[in-house]
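The listed protein sequences correspond, in order, to chains C and E.
Position one of the first sequence corresponds to residue 1 (the working numbering), numbered consecutively onward.
Position one of the second sequence corresponds to residue 1 (the working numbering), numbered consecutively onward.
Hints are computed from structural coordinates only; laboratory data are not their basis.
A few of these clues could be false.
Here are a few chain C residues that face chain E, going by a calculated C-beta distance under 8 Å [as the list claims (entries may be wrong)]:
no., residue
1, Glu133
2, Glu134
3, Asp137
4, His143
5, Arg145
6, Glu185
7, Asp196
Computed Cβ-Cβ distance ranges for the label pairs, DEER-style [said to hold, decoys possible]:
no., chain 1, residue 1, chain 2, residue 2, range
8, C, Lys74, E, Asn138, 33 to 39 Å
9, C, His73, E, Tyr169, 55 to 61 Å
10, E, Arg139, C, Val126, 20 to 26 Å
11, E, Ser37, C, Glu140, 29 to 35 Å
12, C, Glu140, E, Lys129, 32 to 38 Å
13, C, Met107, E, Lys349, 41 to 47 Å
14, C, Lys201, E, Asn605, 48 to 54 Å
15, C, Glu134, E, Glu301, 43 to 49 Å
16, C, Glu140, E, Lys178, 40 to 46 Å
17, C, His21, E, Glu255, 45 to 51 Å
18, C, Gly119, E, Arg611, 32 to 38 Å
19, E, Gly54, C, Ala77, 36 to 42 Å
20, E, Ile320, C, Val126, 48 to 54 Å
Here the structure is a predicted model, which is why all the values come from computation and not from measurement.
Glycine included, C-beta positions come from ideal geometry on N, C-alpha and C.
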Amino acid sequence: MGILEVQDVTLQFGGVVALDHVSYEVKEGEIFSLIGPNGAGKTSMLNCISGLYKPTKGSVLFNGEDITKLKPHKRTALGIARAFQNIELFPHLSVLDNLMLGRHVKMKTGVLAGGIYWGKAQKEEVEHRKKVEEVIDFLELEHVRNTPVGTLSYGLQKRVEVGRALALEPSLLLLDEPMAGMNNEEKEDMARFILDIHEEKKTTIILIEHDLGVVMDLSNHIAVLDFGKLIGYGTPKEIQNNPRVIEAYLGEENAV
Amino acid sequence: MKDMTFPQALINRAKTSGNKVAIREKDYGIWNEYTYSDYYREVKAVSLGLAKLGFQRGDKLAIIGDNRPEWVFSELAAQSLGGISVGIYQESLPHELSYIIDNCDAQFVIVEDQEQVDKLLEIENELTKVQKIIFYDNRGMRNYQHEKLMYFKDLQSIGEAFDKEDPNYFEKEVEKGKYEDIAILSYTSGTTGNPKGTMLTYKNLVEMAKNLSKIDPLDEKDEYLSFLPLAWIGEQMMTISMAFYNGTVVNFPEEPSTVMENLREIGPHVMFSPPRIYEDMLSKFQVKIQEASWLKRKLYEWCKPIGEKVAEAHFNKKDISLKNKLLYKIADYFIFSAIRDHFGLLRIKRAYTGGAPLGPDVFKFFHSIGVNVKSIYGQTEVSGIAIVHQDGDIKLDSVGQPIPGTEVMISDDGEILIKSSSVCHGYYKNEESTKKTIENGWLHTGDAGYLDDSGHLYVIDRLKDVIRLQTGEMFSPQFIENKLKFSPYIKEAVAIGRDRPYVSAIINIDMANVGHWAEKNQLVYTTYQDLSSKKEVIELIQQQVVEINKQLPEKARIKKFVLLYKELDADDEELTRTKKVRRQFVAKKYASLIDGMYSTSDAINVEGKIRYRDGKEQTIKTTLQIVSMDEGEGAA
Numbered sequence: 001m002g003i004l005e006v007q008d009v010t011l012q013f014g015g016v017v018a019l020d021h022v023s024y025e026v027k028e029g030e031i032f033s034l035i036g037p038n039g040a041g042k043t044s045m046l047n048c049i050s051g052l053y054k055p056t057k058g059s060v061l062f063n064g065e066d067i068t069k070l071k072p073h074k075r076t077a078l079g080i081a082r083a084f085q086n087i088e089l090f091p092h093l094s095v096l097d098n099l100m101l102g103r104h105v106k107m108k109t110g111v112l113a114g115g116i117y118w119g120k121a122q123k124e125e126v127e128h129r130k131k132v133e134e135v136i137d138f139l140e141l142e143h144v145r146n147t148p149v150g151t152l153s154y155g156l157q158k159r160v161e162v163g164r165a166l167a168l169e170p171s172l173l174l175l176d177e178p179m180a181g182m183n184n185e186e187k188e189d190m191a192r193f194i195l196d197i198h199e200e201k202k203t204t205i206i207l208i209e210h211d212l213g214v215v216m217d218l219s220n221h222i223a224v225l226d227f228g229k230l231i232g233y234g235t236p237k238e239i240q241n242n243p244r245v246i247e248a249y250l251g252e253e254n255a256v
Numbered sequence: 001m002k003d004m005t006f007p008q009a010l011i012n013r014a015k016t017s018g019n020k021v022a023i024r025e026k027d028y029g030i031w032n033e034y035t036y037s038d039y040y041r042e043v044k045a046v047s048l049g050l051a052k053l054g055f056q057r058g059d060k061l062a063i064i065g066d067n068r069p070e071w072v073f074s075e076l077a078a079q080s081l082g083g084i085s086v087g088i089y090q091e092s093l094p095h096e097l098s099y100i101i102d103n104c105d106a107q108f109v110i111v112e113d114q115e116q117v118d119k120l121l122e123i124e125n126e127l128t129k130v131q132k133i134i135f136y137d138n139r140g141m142r143n144y145q146h147e148k149l150m151y152f153k154d155l156q157s158i159g160e161a162f163d164k165e166d167p168n169y170f171e172k173e174v175e176k177g178k179y180e181d182i183a184i185l186s187y188t189s190g191t192t193g194n195p196k197g198t199m200l201t202y203k204n205l206v207e208m209a210k211n212l213s214k215i216d217p218l219d220e221k222d223e224y225l226s227f228l229p230l231a232w233i234g235e236q237m238m239t240i241s242m243a244f245y246n247g248t249v250v251n252f253p254e255e256p257s258t259v260m261e262n263l264r265e266i267g268p269h270v271m272f273s274p275p276r277i278y279e280d281m282l283s284k285f286q287v288k289i290q291e292a293s294w295l296k297r298k299l300y301e302w303c304k305p306i307g308e309k310v311a312e313a314h315f316n317k318k319d320i321s322l323k324n325k326l327l328y329k330i331a332d333y334f335i336f337s338a339i340r341d342h343f344g345l346l347r348i349k350r351a352y353t354g355g356a357p358l359g360p361d362v363f364k365f366f367h368s369i370g371v372n373v374k375s376i377y378g379q380t381e382v383s384g385i386a387i388v389h390q391d392g393d394i395k396l397d398s399v400g401q402p403i404p405g406t407e408v409m410i411s412d413d414g415e416i417l418i419k420s421s422s423v424c425h426g427y428y429k430n431e432e433s434t435k436k437t438i439e440n441g442w443l444h445t446g447d448a449g450y451l452d453d454s455g456h457l458y459v460i461d462r463l464k465d466v467i468r469l470q471t472g473e474m475f476s477p478q479f480i481e482n483k484l485k486f487s488p489y490i491k492e493a494v495a496i497g498r499d500r501p502y503v504s505a506i507i508n509i510d511m512a513n514v515g516h517w518a519e520k521n522q523l524v525y526t527t528y529q530d531l532s533s534k535k536e537v538i539e540l541i542q543q544q545v546v547e548i549n550k551q552l553p554e555k556a557r558i559k560k561f562v563l564l565y566k567e568l569d570a571d572d573e574e575l576t577r578t579k580k581v582r583r584q585f586v587a588k589k590y591a592s593l594i595d596g597m598y599s600t601s602d603a604i605n606v607e608g609k610i611r612y613r614d615g616k617e618q619t620i621k622t623t624l625q626i627v628s629m630d631e632g633e634g635a636a
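Between the sequences and the hints, there should be enough to build the whole structure, so can you do that?
What follows is the structure, encoded as structure tokens:
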């Protein structure tokens, strides 16, 4: 039984079938990639896992528990964190503040204690700051710690976005196109960070990515979606040789 | 204070002021302190660990990494056992590392992180003498299985276990150290040929600190930020020599990228850097003040002349009238102290500059805002500093006067010779070079210069580089280059003219500042190469050269220049690791380009190789425009 199980999930918006009876399993501690042409349903899939969408049919299980109907913030509390494709940071807040926001779900002291900021509240703040500093160190963000996020380059903003997800200390990390819009050097940096997260924190990672070179290099298993259907699942090698996948990406003529 | 080796000085300080802060490092956002007791403990653990691994008296320990306490602990650890530390620049390429590590016969190497380990593993077959590679940042190292690799903390654990078995071993070994023993091997940057290992003893290094402190005293309350490579003699001098002698606190920045921020946080009392850092600060200021609000700009414009007047008075040793003193105090309150604070220079007693000449305009700027910038002159071979400007006795074009215990002489062909107790013992395993460099105790610096009546030394340039035009005139290329680099839009420049009819220049634009200018002028650009070839940028630089030509003697004026398509870089061997231009190499590499500048063409096709930081290479084919300065714009 994997850390995440997607069981016969169908997602329908009126006449549009975004996901069509999709089933697969993600093993604990692996890097799992979701690939497919644009519009295949990858982000919709991620939304079902993180709780933004509720599947029309089917269920999502996390560590054996049925979370299909659970609200997003409850899933975060269980250990699922998400980095968004279009960056959901607060541009006027510093990197540090954005990361501290990621700790919100773990903060216990209420408004009153926080407002007066004595004893327990202060202790909690220090603890969370410590964890956030570890993320800053891990992602090499020291030099922009106090910079408003909106003034950073795109590549750095993406890194902070991943950092915010990391600050939650997740057991399952959902990365939605973390390398979009980056040049080769930035991609290599991000790939290195993903590997570091995987190796050092033993986090299970679900990755949506278009750069197939990166996907083949990093993934343990790959699931391929096309028009909402799962058309392939396997190791990178198996997927590379899968005729249905080749056809979906390169067209019928190229299928063997 | 008795003549002590560094380990002996450490034990002494740990005994007499064990609770005093010796070192600080910023980590995870906060400044962590190490007292002298902590320092002692850490060094002992590393030292005994090395001893257990078989480190013997006279063995060499190579150290490669950014400025961190572990670097310094490692150096002291080797020295405690009677060994010699060899600092290597952390940006060195594998083949450079291979040469130095083999040349110095190091059996043990302590490095910072995965990057350095990877470089060493790449050349593993050439490092036949190396027994162990020890790393102190274990990030990313979990999957490395190699019998030669060891984690720093594990080394310290071995050392601590040894200490329990034999608690007196460490102190006994340190006792054996003698003042005349060799402490470090410092490989000189080698603008020509392979780097040479300069052998410096404790006496060399401590005597220099002693002599410098006689005229520029520091004490235990002073703070210093160590951010330049510890492989550089200047940094060794301040972080180890001066710090142990005076008890100054050494602060290590969080990361190389946070140095400017950390400088502001610490506000050190003393600073030592090559001219580039000061030039960069000035360039940043020039750009920032242009964009500042009307009020700030006007304020600076009003206060600027007062600052300059006071600076002038300093340089000419004239008294300042009461009125001007008062005006300066007001100017300082309103703006100068703010500028200083912005750069972290609020508490600076002395800001030394050395390694290459600092342009007079940069000097004037810093003094006008109240920063006591002073030149020093020296070399690795004389333990760093031999000549310095005394406080209050600063002549803009000189490099100062000899520190106590130092004699200076000019040879018949104009070479500067120095004699002092800080002159090194020679080059490691290189008798020939040693004989050529040190004669009867006099160090041949290789620099051309002259002394004036008040004992101030003036450096013209490297003896080999002083340029003689075809017409016979002599000039210093560095003088011209400094003038060019004073412009915020010019990052680097190479002046050419040896055996040629006139002076020409290869110029690197400053990407950040020119890019900024381009954006403000609605100019679209992509890469460095693209920006350097834009007509508007060429005109911008041309204007700069026109201004600079006005300040140069007629024959030394730049007649033609090109904007190079790539920045000169140490990785391409065009600059040394301390960012000095390697003239002979550049002349050879860009020979056809230079020939083009002395032809009648106004453009030249070039083909060059660019190597990116990740190792990929690309050939660039482009046409460089050769810009001619018209008659009347200052051409000869």
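Query raised in the report: Holds or violated: C:Arg145 as interface residue toward chain E, Cβ cutoff 8 Å?
Result: holds, 7 Å
Query raised in the report: Taking the CB of E:Ser37 and the CB of C:Glu140, does the distance hold inside 29 to 35 Å?
Result: Because 32 Å falls inside the window, the suggested range holds.
**Report entry** C-beta pair C:Lys201, E:Asn605: status relative to the range 48 to 54 Å that was hinted
**Finding:** holds, 53 Å
Query raised in the report: In this structure, is the beta-carbon distance linking E:Ile320 and C:Val126 contained in 48 to 54 Å?
Result: holds, 50 Å
Query - Hint check, C:Glu185 versus chain E [nearest Cβ-Cβ separation less than 8 Å] - result: holds, 6 Å
Report task. Hint says 36 to 42 Å; check whether the CB-CB distance for E:Gly54 and C:Ala77 agrees. Result -> violated, 54 Å
Query - Interface hint outcome for C:His143 [beta carbon to chain E under 8 Å] - result: holds, 4 Å
Query raised in the report: For the pair C:His21 and E:Glu255, does the Cβ-Cβ distance stay inside 45 to 51 Å?
Result: holds, 50 Å
Query - 32 to 38 Å as the expected CB spacing between E:Arg611 and C:Gly119, which holds or is violated - result: violated, 57 Å
Query raised in the report: At the C-beta level, are C:Glu140 and E:Lys129 separated by a distance inside 32 to 38 Å?
Result: holds, 34 Å
Query raised in the report: With a cut-off of 8 Å, does the beta carbon of C:Asp196 approach a beta carbon of chain E closely enough for the hint to hold?
Result: This interface hint holds because 6 Å falls under the 8 Å limit.
Query - chain E contact restraint on C:Asp137 - CB to CB distance below 8 Å - result: With Cβ-Cβ at 6 Å, under 8 Å, it holds.
When the structure is compared with the earlier hints, violations turn up for hints 18, 19 and for no others.
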